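Quick note: the sequence shown uses UniProt numbering, first residue 1, plus one each step.
These aren't lab readings, by the way, just hints derived from the structure by calculation.
Computed from a predicted structure; not experimentally measured.
Warning: the hint list may mix true and false statements.
Dumping the calculated SDA-like pairs for lysine to any residue here, alpha-carbon to alpha-carbon at most 20 Å [what the hints assert, rightly or not]:
#1 K22 with E72
#2 K22 with P209
#3 K2 with A65
#4 K22 with A197
#5 K2 with P203
#6 K2 with V44
Derived Cβ-Cβ restraints for the label pairs, each shown as a range [stated by the list, open to error]:
#7 A144 with F117: 35 to 41 Å
#8 F117 with Q95: 40 to 46 Å
#9 S78 with P103: 42 to 48 Å
Note that the Cβ used here is the ideal one computed from N, Cα and C, for glycine as well.
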Amino acid sequence: MKLLARSGSSAAYRCRIALNLKGIAAEIENLPAGAHRDAAYLSVNPQGRIPALLTDEGALVQSMAILDYLDELVPDPSLLPEGLHARARARGVAQIIVADVHPLQNVGAMEVMGGMFGVDAEGQRAWARHWIERGLAACEALLARETHGGAYAFGDRPGLADLCLVPQMRNAARFGADVSGLIRINAVTEACLVHPAFVAAHPDRHPDPDG
1 MKLLARSGSS AAYRCRIALN LKGIAAEIEN LPAGAHRDAA YLSVNPQGRI PALLTDEGAL
61 VQSMAILDYL DELVPDPSLL PEGLHARARA RGVAQIIVAD VHPLQNVGAM EVMGGMFGVD
121 AEGQRAWARH WIERGLAACE ALLARETHGG AYAFGDRPGL ADLCLVPQMR NAARFGADVS
181 GLIRINAVTE ACLVHPAFVA AHPDRHPDPD G
């Protein structure tokens, strides 16, 4: 199994964390800058997005699909909490990040804003901050409802919501978003960042071949 990635990709970061939480030994291959647009990579992922997971049965794309695959491949420990309703709540927080926040501040969106609409760098950063702060505020409100008392988003072990939140908090710092009021998210992030699975998955541990 091989994960095709880039160090700074939030989606790849999520997958690295999940691989570590599951104890799955996979090769991590970081691509050179721009390689996701090359014909060789497009033959793997026609969308030209990172990451892609190469398996014996073929390539998988989109981080959430990859996470679902890993969770079914190695069911224990699960990336989701116990209980039907709790699992849906965890998915809801993850989807706020993955479906609503991240697409509006990723590299592709910024390139279109600049190239197609002439938005300057500071305008792009302001746009990203707006959506990051709005999305994280919603996640904070949802996590504040949880009464489990555990260190992580949905209990005593990290899972799907945590591995989506941590890369997004890194993006928040990159764009200068105000996260000072996110009491629960900050606590969860602090707990995650010292967890071995998250430490080993950190982008600093996975430098790109081009620096």
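Results of checking the hints against the structure:
no., hint, verdict
1, K22 with E72, "holds, 11 Å"
2, K22 with P209, "violated, 26 Å"
3, K2 with A65, "holds, 15 Å"
4, K22 with A197, "holds, 9 Å"
5, K2 with P203, "holds, 17 Å"
6, K2 with V44, "holds, 12 Å"
7, A144 with F117: 35 to 41 Å, "holds, 36 Å"
8, F117 with Q95: 40 to 46 Å, "violated, 27 Å"
9, S78 with P103: 42 to 48 Å, "violated, 26 Å"
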